[in-house]
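Asks: Each chain is listed here by its residues.
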Amino acid sequence: MNPLTILERLGRAVLTALALIGRVAMFTARAFSHILRPPFYPREFAQALLSIGWLSLPVVGLTAIFTGGALALQIYSGGARFNAEAVVPQIVAIGMVRELGPVLVGLMIAARVTSSIAAEIATMKVTEQIDALVTLSTHPMKYLVAPRVLAALITVPLLVAVGDIIGIGGGYAVAVKNLGFNAAAYLQNTVDFLEMRDVVSSLVKGAVFGVIAATMGCFYGMQSGRGAQGVGGATKDSVEAAAILILAANFVLTGVFFSI
Amino acid sequence: MIRMENVEKAFGSNRVLQGMSLEIPKGTSMVIIGGSGTGKSVALKCILGLIQPDSGKILVDGKDAASGDRDAFLARFGMLFQGGALFDSLPVWQNVAFRLLRGSLKRPISEAREIAIDKLRRVGLKPAVADLFPAELSGGMQKRVGLARAIAAEPEIIFFDEPTTGLDPIMSGVINDLIREIVVEMGATAMTITHDMTSVRAIADNVAMLHDGVIKWTGPVARMDTSGDPYLDQFIHGRAEGPIEAVR
Chain P
1 MNPLTILERL GRAVLTALAL IGRVAMFTAR AFSHILRPPF YPREFAQALL
51 SIGWLSLPVV GLTAIFTGGA LALQIYSGGA RFNAEAVVPQ IVAIGMVREL
101 GPVLVGLMIA ARVTSSIAAE IATMKVTEQI DALVTLSTHP MKYLVAPRVL
151 AALITVPLLV AVGDIIGIGG GYAVAVKNLG FNAAAYLQNT VDFLEMRDVV
201 SSLVKGAVFG VIAATMGCFY GMQSGRGAQG VGGATKDSVE AAAILILAAN
251 FVLTGVFFSI
Chain Z
1001 MIRMENVEKA FGSNRVLQGM SLEIPKGTSM VIIGGSGTGK SVALKCILGL
1051 IQPDSGKILV DGKDAASGDR DAFLARFGML FQGGALFDSL PVWQNVAFRL
1101 LRGSLKRPIS EAREIAIDKL RRVGLKPAVA DLFPAELSGG MQKRVGLARA
1151 IAAEPEIIFF DEPTTGLDPI MSGVINDLIR EIVVEMGATA MTITHDMTSV
1201 RAIADNVAML HDGVIKWTGP VARMDTSGDP YLDQFIHGRA EGPIEAVR
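For the record, the sequence lines run as chains P and Z. Just so it is clear: in the first sequence, position 196 is 196 by my numbering, and no numbers are missing. With the second sequence counted from 1, adding 1000 to any position gets you my numbering.
Calculated directly from the structure, the hints in this document are not laboratory data. Mixed in with the good hints, there may be bad ones.
Sample of chain Z residues facing chain P (criterion: CB under 8 Å; computed from the structure) [as the list claims (entries may be wrong)]: (1) 1048; (2) 1057; (3) 1071; (4) 1074; (5) 1075; (6) 1077; (7) 1079; (8) 1083; (9) 1085; (10) 1087; (11) 1098; (12) 1102; (13) 1141; (14) 1173; (15) 1231.
Even for Gly, the Cβ is constructed at its ideal location relative to N, Cα and C.
Put together the whole structure using the sequences plus the hints.
Replies: Structure follows, in structure tokens:
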């Protein structure tokens, strides 16, 4: 293939990617500007709190408890290779709070919430419900996007906190029931070892991941093409983008909090 | 009065509106006819500002539709969408009273519900329908709810996008009669886009034929059959032969 053609294609791909990043950034900025400016839609916000926060609790809890339990088993068997089985409480705590809690909750939210927001808004777009909102003097960014992004910003850190606690609980249950750890000592070690910085990083990650998850769902929903294929494509793209952005943001935030 | 002056709109290389000009006098019912993909819906969405035209002017009562207070502008309009465009997550009465539950036209919930039930009754639906969800309704009932929503805030201008598409002939007749009655009763300016010639004769005071992005003919509905315009004649008689190319 002609090197110029390759360069041209590469250039076009880079420009497309940059344009997409620009559009997502503008969309996020507009979402936040609508969060801050009236009119507000308290009923839609309450519904978003319920569906993003409360109804995600079972999936977050189950993910965290199994991960915490598996983590305890892995650390115990891995640590046994150099006689370090005793570090299970500390490593489960730090692993859940710093990394696994926020990342797994973020990814579960991307799977559950981003997909549902994207599919709902894309269907609304395809069936002209978004146009109908406009003709009824209601701004779609205010009515559909702002409540969901704000609800995710508030509830996902709380879900991460719950996930962290349940994950540590899972590790505790396995360690005490199966691995012969003393219950009180396990808890004491966990509490002693965790620092405020670990907890703050977990909650900040939760807030950022929540915003990413909701914004990607709304963005791709609003950009949806026509028909069932358009809705399917928007849903798939939103989950992919949210998952990748969550993992990338996790890397950046981990660097910010723990590189020193 | 609604006035479109040389409105153009293209999507990529597809020039949908190519200088459309049209005037709809206040309190009259204009029906725009034309084949699929000729830009009827685009014209309607340009007036509402759902699509920005590339060039040309749209004036509503002499004022530029693109400038001024958008909320106040939209508050003058009601629209019945082709597929109803009812909000699935809300019960019927909240769909109808949507405008009355929020924004500048907000009323107390009980009053908004009363108005919604009254409008539902006006379009021939029983109060029991109010608490159902749109997915529980038939196509004809959804159109009626859409119609009730369009008239709930007593708009001065009402748009109807393919009001009878997908309905059986009897239900189409019911919807046509309702539209005519409501428009006359409210003294509203109406703009309807349709392919359905029965609808045209039932609803229209004036008719405009849109083809290739421009208005080919416009005039009173009574003159439609004797216009002598080859585009209009071919369309209203549904002939395959004529100046409008039929893709086979």
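Asks: Does the nearest C-beta of chain P fall within a distance shorter than 8 Å of the C-beta of residue 1087/Z?
Replies: holds, 6 Å
Asks: Does residue 1098/Z pass the interface check with chain P, least Cβ-Cβ distance below 8 Å?
Replies: With Cβ-Cβ at 5 Å, under 8 Å, it holds.
Asks: Min Cβ distance, residue 1057/Z to chain P: is it shorter than 8 Å?
Replies: violated, 21 Å
Asks: Double-check residue 1141/Z for me: the hint is only fine if its C-beta lies closer than 8 Å to a C-beta in chain P.
Replies: violated, 16 Å
Asks: Does the closest beta carbon of chain P sit nearer than 8 Å to the beta carbon of residue 1048/Z?
Replies: Constraint on residue 1048/Z satisfied, holds at 6 Å.
Asks: Return the status of the interface hint for residue 1231/Z: holds when the least beta-carbon distance to chain P is below 8 Å, violated otherwise.
Replies: Nearest chain P Cβ about 28 Å off; hint violated.
Asks: Once the shortest beta carbon distance from residue 1075/Z to chain P is found, is it less than 8 Å?
Replies: holds, 6 Å
Asks: Does the interface hint hold: is residue 1079/Z within less than 8 Å of chain P, judged Cβ to Cβ?
Replies: Holds, about 5 Å.
Asks: Given a cut of 8 Å on the nearest C-beta pair, is the interface hint for residue 1077/Z held or broken against chain P?
Replies: Result: holds, 6 Å to nearest chain P Cβ.
Asks: Would the hint on residue 1085/Z be counted as holding, given a Cβ-Cβ threshold of 8 Å to chain P?
Replies: OK, holds: residue 1085/Z within 8 Å of chain P, min 4 Å.
Asks: Classify the hint on residue 1074/Z as holds or violated, based on whether any CB of chain P lies nearer than 8 Å to its CB.
Replies: Because about 5 Å separates residue 1074/Z from the closest Cβ in chain P, which is inside the 8 Å limit, the hint holds.
Asks: Double-check residue 1071/Z for me: the hint is only fine if its C-beta lies closer than 8 Å to a C-beta in chain P.
Replies: At about 5 Å, which falls below the 8 Å cut-off, the nearest Cβ of chain P leaves the hint on residue 1071/Z intact, so it holds.
In this structure, the hints that do not hold are numbers 2, 13, 14 and 15, in rising order.
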